[in-house]
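Produce the complete structure using the sequences and hints provided.
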Amino acid sequence: MSNTANFPLLSLIMFTPLVGAVLLLFVSKHSEDTIRWIANGFAVLGFLVSLPLWFWLDVATTDWQFVEKMDWIPSIGAQYFVGVDGFSSLLILLATLMGVIAILSSWTAITERVKEYYIFLLVLQTGMIGAFVALDFLLFFVFWEVMLVPMYFLIGIWGSSNRLYSAIKFFLFTLVGSVVMLLGILAVYFYYHEVTGDYTFDITKFHALNMPFDLQWWVFLAFFLGFAVKVPMFPFHTWLPDAHTDAPTAGSVILAAVLLKMGTYGFIRFSLPILPEATQAFVPWVVWLSIIGIIYGALVAMAQRDWKRLVAYSSVSHMGMVMLGMFALTPVGVTGSIVQQINHGVSTGALFLLVGVVYERRHTREISEYGGLSKVMPAYAAVFLVMTMSSIGLPTLNGFIGEILILQGIFVVNKVWAAFAATGIVLGAAYMLWLYQRTMFGTVDNPKNEKLPDLNLREWATFTPLLILAVWIGLYPKPFLDRLDTSVDRVMARVNSAYMPLNALGQGAVEPNTPPKVLTLEVDSGDTARTPVRGGAR
Amino acid sequence: MMEITPAHYTILSAALFSVGLIGVLVRRNIIIIFMAIELMLNAVNINLVAYANEVENLVGQVFVVFVIAVAAAEAAVGLGIILALFRNKETVNIDEMNVMRS
Amino acid sequence: MPAGFSALDFYYILPELLLTGGAMVVLLLAVLTPRNDNLLLGVSLGTLVASVLSVSLFSGLDVTAARGLLAVDSFAAFFKFIVLLSAGLTMLMSAPYLRVEGLKAGEYYFLILCATLGMMFMASGVDLITLFIGLETMAVSFYILAGFLKPNPRSNEAAVKYFLLGAFSLGVLLYGMSLVYGATGTTSLQGIAVALSGQSPSMVIVLAVVLIGAGMGFKIAAVPFHMWAPDVYEGAPTPVTAFLSVGSKAASFAMLLRIFVEALPAVAADWSALFWVLAVLTMTLGNIAALTQSNLKRMLAYSSIAHAGYLLIGVVVGTERGVASMLVYLGVYLFMQLGAFAIVVAMRRSDVVGDELKDLGGLFRRSPAAAFMMLLFMLSLGGIPPTAGFMGKVWLFGAAVDAGFVWLAVIAVANSAVSLYYYLRVVVFMWMHEDAQPGSPLVFGPAMTVALGIAILGTVVFGIYPQLLFEQAQAAAGTLEGFSATVALR
Amino acid sequence: MAEALAFYTLSVLILGLAVAVITTPNTVHSVVFLVLNFLCVAVLYVFLQAEFLAVIQVLVYAGGIVVLYLFVVMLVNLGRSPEEHQDPRRLGLIGLGLSGAVLLELAGIIAYSYTREQSPPVTAAQASPVQGNIEELGWLLYTDYLIPFEVASVLLLVAMVGAIVLARRES
Amino acid sequence: MDFIWLIPLLPGVGAAINGLLGIRYFSKVLAARIACATMGAALLLSLVAFLELLGLEHREHVVTLAHWIPPIPLETASGIGAFEVPWAFRLDPLSGMMILIVTGIGFLIHLYSTAYMDHEPRGGYVRFFCYLNLFCFFMLTLVLGSTFLVMFVGWEGVGLCSYLLIGFWYHKQSASDAGKKAFIVNRIGDFGFVLGVFLVFYTFGTVDFREVAEAASHMPVEVAGFGVVSAICLLLFVGAVGKSAQIPLYVWLPDAMEGPTPVSALIHAATMVTAGVYMVGRNAVLFEHAPMVMTVVATVGALTALMAATIGLVQTDIKKVLAYSTVSQLGYMFLATGVGAFAAGAFHLMTHAFFKALLFLGSGSVIHAMDEEQDMKKMGGLKYYMGTTFITMFIGAIAIAGVPPFSGFFSKDEILYRTFLSNKWLWGLAVVTAGMTAFYMFRLIFMTFFGDYRGPGWKHEEHGGHAEEHGHTWHGPHESPRLMTVPLMVLAVGAFAAGFVGVPAALGGGNAIEHFLEPSFVATSASHAGEAEHAVAHLSHGAELALMAFSVLVGLAGISLAYHLYVRRRGQADRLAANWSVAHRVLLNKYYVDEAYGATAIDGTMASARGLWTVDRRVVDGAVNGAGWLTRALSWVSHVLDKYVVDGLVNLVGWICQEGSYLFRRVQTGLIQNYAVATLFGVFAFITMYLVARYVGV
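Protein chains in written order, with numbering that gives the first Met the number 0: chain A, 0 to 537; chain B, 0 to 101; chain C, 0 to 489; chain D, 0 to 170; chain E, 0 to 697.
Treat the hints loosely; a few may be bogus.
Unchecked claim - Within a straight-line C-alpha distance of at most 27 Å, the following computed DSS-like cross-link-like pairs (lysine-lysine) qualify:
#1 E/Lys319 to E/Lys377
#2 B/Lys88 to C/Lys103
#3 E/Lys27 to A/Lys450
Said to hold, decoys possible - Chain C is nowhere near these chain E residues, computed Cβ spacing over 10 Å in every case:
#4 Leu20
#5 Glu51
#6 Pro219
#7 Ser229
#8 Tyr384
#9 Pro404
#10 Ala505
#11 Gly508
#12 Ala548
#13 Ala632
Think of the hints as simulated: they come from the structure by calculation, not from any bench.
By construction, the Cβ of each residue, glycine as well, lies at the ideal position given by its N, Cα and C atoms.
Following this line, the structure appears as structure tokens:
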């Protein structure tokens, strides 16, 4: 495996925020500015140490990179096994970046219990990164669940009116999904043992496991519940609007930008490659749920009077799009799905930040309370416009790349699905523009809005990276797409052999009847050189 | 019918056990309830002794010795508890002991 | 010394002997220096430590002692560690409590030590008589301990309830045991297994299974034999409740496993089905009933009922993995449950009872450390990583999945989700509500600090690195299985 | 025949006295019936060749426990009847019904087992170095069952301490 | 020529500078200069590029900048291909013509706007130029894009700019509504367009125009059936319909007049709305292989042309008249492409760009002069006050009316001729439309510039009162400043002369533009498509001239009718409408051939026009609004569903748990014996369970 370099980069990235959190424990809760500086410092530091993922990542190799591996619970075969590929490296970068932005955006918004707030944010950060780097299923699950707690507190303590209900709803929904997923994980784990005699949670070994269809079917359902709740897919989405609406701005941003990606990440990393046959069997179901989600989310968004809730429902719609692309099971669709995950993080994250900006000034999210903000906050209106356009997929901005790849990817599979999904383009424009009109256009009717200050420097600092990303991905997504190359191949090799001949990645598939000894040797041969798959293609 | 088998003893024991059960379930005086429990223990003892007789070893009887010892211990403790309770509540009516519920 | 008894037999019961001796010393000291609480605590703890050390003398051993009445194996050792540790933690958290309540420490510690003694016999007994007498030693101690707050009507009532229902269930249990004896002619677990092997189980044995199951179900507070638990837990002195919910439960599970796994493998299908139903009922009712409780101790009582339901999964599965995972769960349950109760104890001050949920309001402001620890305990009870409760649940549910009890696992999983609702309610009160009383911050004495420290350490360390626990549990489960395997060979 | 006659007589007595115990309104009467019941059981033990048990049944139960009961009954003698207050939620009748049902089930299963199924295996009586019930029992108690016996003594100590702790009037 | 990517980029840079810095820091003058300079540079570059293009043998040049979307394998109809989109720009005759139009007219309008928008506060002024530049950036990307998706960048981008510019005065509810409507209706079109693009990729494995044309040229013409090419074309046409405001998606364009007039001129007349026509022309090869879709295109075009013209007859808002006229003229262009006369369509596109931009700017000048008054009823006699505007607009009107030798004549006549060859019915519709066009355009001219001044305020003021109706003092109708009139004059020259590049053979010309554009409409390697075009039947020059004369006559008839109604007998039209005068009915009957309507023809037409206007407002627009309403209703239903059913189910589970909890609490009576009963019940139940299992056999 390449890029090991004997340096625990991933651990460093993962634990930097945690170190910050621990450090904060020892700061007096009254010196709030010190706390803010430390939190921001560690967030920035976390981002900086994650940058090597962008620069040092080898885009050509199919190996896992920056791998760290050691025993964790040997008696059950669990390991501390982390590593990334292009896909997860992008999500980690997204997480670290959004972490900086979220923490920075809270500077003045959070005035109560500042210390805990930042501690929770930083712990959340560690949890998210951990989930993205874990290559051990149990480790993944630990981080997956760890994220719940700080998020619960972020919503429950610093949220708005109905925060307790929303927080518990968020928690329980996700939990129910994930514990069922846990059963699925265990089923795979025991099946692997049955076949090979080894107990392991090593995902890379599961990726080479051929399970009988019946088992796959059930395990898929279990995984599906866990991931679909997180995504969230219709009809498991109802926690999302509540959670988003009541979360503090930074919470919404993180939730939308990174936490929701856990679900889609899970699908791509686990469901698809571990359960290829079941995945194929479930394609129509998932696709129709996604399509319903796209249209339904958009329609419900249109009916909202609460700004944040509207954006939240738009998330439902967008994530439906992400799921759709993924279950196209075509390289273009999956690539689009991943790109759209990042896009959604950027644009919806920014939209929540934008809501947060006015919420901090006015303490209301009722759309009807606003109107004519273009007049008083022109810069704000401009940023909002760009992000609106990004959200509805205007070409030259990021959203378009994702949508076009997804729709093209699904189109070649089924034209009707694509046609239904494409209605999301129209509906998305409708609710976003209507929102824009209601808030930014018109006259300033509400005297409270007359004196709203425009974006300040700190707020600009939060938006600038997002604007840059939006335009960058929109105009020149190649660096991003290149990174996804091998990740997508890995998935394709399992779920859609039309694109990747089986075993093209050099991974010996585990046949149920293969003797364990031979098999372990073969599965373990991760270090052998593998030929790049479509070397010439790009 | 005329030959007395262990089954007879067992059924006697079951009947005594049930009488004890009923006593526990229907009386309201704690002391009487406690006595009903003693009846249940006696039922067990009859069982054990009868079986010991049948299987021709004395383990059952040893068991009975322990049961009696336990019964004695329980009686002492139980009556102590009842006394302590009575000091506080001036009652031994079991229906008046529902401060804690739901 | 009677013939046929060797010094070795006494050597093997060294931990029990030490414990008994220690208890006697404590009783004597209680008479000699009645007000020297610290000394009493020290002696009691010293006794426990000595006992722990002597238990570890026999680690790795797998023999029977005392003419086949006691087993000295890893299984017993595991449970002895658990009960000794829980007794120790209970004592540590009792120290401040006794002071606040003005209770006599001597008798209290004596009784705790005797209860522990009973539990140790339950853990190592391989004869119905030994098990029964151990159970009673524990139970009688607890009857007294539950009513230890004599002026408190709640405590009286708890004692009466526990006592009457305990005696009642004892009758049921003994009746079942008598039937087993009648059917097999022996009280030795090994003998029973041998006698029953190779024949189709008669209905009498099944009847005995039900009656013994009910009796044991009472002790572990399995639904529908659980109804004493909430009331008793609420009324008993809080440290006693803690000990009851951990030590007594663990020991009862040990006894249950001994009886069913070692003595009754012939009717495994029958009791497995019985415990399947019990497990489902117990966890579901426990969790749902806990949802709307406003008293913290009562809520923890229901939570402990629910946990008994989870633990029963291990019994239902009945495989080595099942038992091992159950032991793991008991191991982590010890820390988290005692920790939670320790916080409740710490809430008790001269003017505040502190066991109502609303008493926790704003605890975060008064004592962030306590709130944080309670958070960890609640998360652990709910099974959220990185706490030990998660690791326990993973293995328990995993064992069910492994053995094909998928629906049981699904129900358990759904239940653990429900349970989080009320665990989080506690968190909500601590972190998101205003101060219940603008009282002074909680002060932990040294004993309480040590207790909480151990609990939190266990909760976190076993959550992050549970390897040690897993190894021990596997070894312990191995000896239990091995025993029945040798039975099968004979 | 005689055995049967004695058995049935004793059975009727035992059950009748038991019923009397749980039905008499007067607690003291109840205690007296309990003593009688225990005595009858002791006689039954003699029939079953458990002479030692018969003795301790009389000594411990009738002589010890029941006297304790009487003390307590005297101590808690109240002005008002303990049965006066009745909680409307109590499930006495259901309990009665269930007890009956359980009895039927127990009896049915036992009777069925003994008539249809093979009688349980009879393990050979252990070779014991002494003769006679009392000696044999004593031998067992002090050899094989020494440890439980010791534990029982601890248990009795616990009970003693407990009784003192609970019953002692706080100064 | 590798610099062609700079042509769109320059205005883009201008927009970026003005947007990022200008709005906050620049003065009006600086911002305007930056905008105009970038546009001017783009114009120069375009000219250079165009001249170089003329020198190229293949008349084509492609510049690929970078990968936009690198190749990713994807299934196509013919095996696994690679989905790949480069940032590629292509200059060929069609796009060459378009960039000249866009940069040329765009530059003029920039100039014009510097004066026209002078009333705006600084921020708005700079913002306006930023948007305008941005629009040019996207429009040039649209026309230069070498693949469907790069074109789509421009396609959507101009939609965005249109949205922003229509809603430029966002504080007006109607303006922001109109902007939103434009965007969303366009999106409906885009929905078809993207699906078309997907199908293109699936069918041909590429989204490059040239490669698609190549591949398509090898496919059979789908004469008999509705094949995949037809499906592609139909979907693409849906996009065109949205962008170019054809039936049924034209409703946004009249509303779009809420934007500032230069915007109407540039976006909603000269450039953006013609993107649909351009796109169809760009895919000429595809469309030629889908004759059924061609028929649809032609029919939709003709019907739109007619319908919009009839509506135009009765409008009194000067910009609305022009808007419907635009819709109508766009219909003409589609008619042309629909009958296979792609060059004629493009030709008309060009001439229309000149005269319609001229007319709009002229109307802007008028509105400017009348202090934002747009109702023609309140104008009149303005030729005395603003001569330049009058003359230039008059030229524009003549041009659109199709009077030789003005540009409109040549382009329109080419269309009519080709339509006549292809379909006589459509030709009939087109001719009627031409007459109406002449009528309503001159009605506009006459009502605005002739007769007496009917406007408010100023006359009163001249008599001494100093009305302060508006924020600033208005000194009566006046000629616009030089910066506005110069572009008018330049455009007037264009409107007059632009037609000479396409003088038909019948008039002794060489129809240069058709030959120039031809390479854009054929696949390079396959000439048979081109041959098909050449194989179109020809009429004799004589017949062609006769047709020409007829159409000119129709136009003149329209003009004279307008003259008759609005100049010679002023007020006649109003009186006609009011009194239904028999005499004029008879007079007017000659205009229409339908004898069945007899004496009430004009009235009927008027009425039906009014009716159509109503229909347009109430039904078609209503349908759009109704769809909007339906969507909202649906959205509300979904919302309720979400709140009460989906979420309700979740809450129901919670409720059940809670009620269960209360139930269990009730069981927990605190009575010891009840607890014992429960225990006993457990024992009983389990024993029974086993008994049943064993002896009943479950």
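Check each numbered hint against the structure and report the violated ones by number, ascending.
The structure conflicts with no hint, since it agrees with every one listed earlier.
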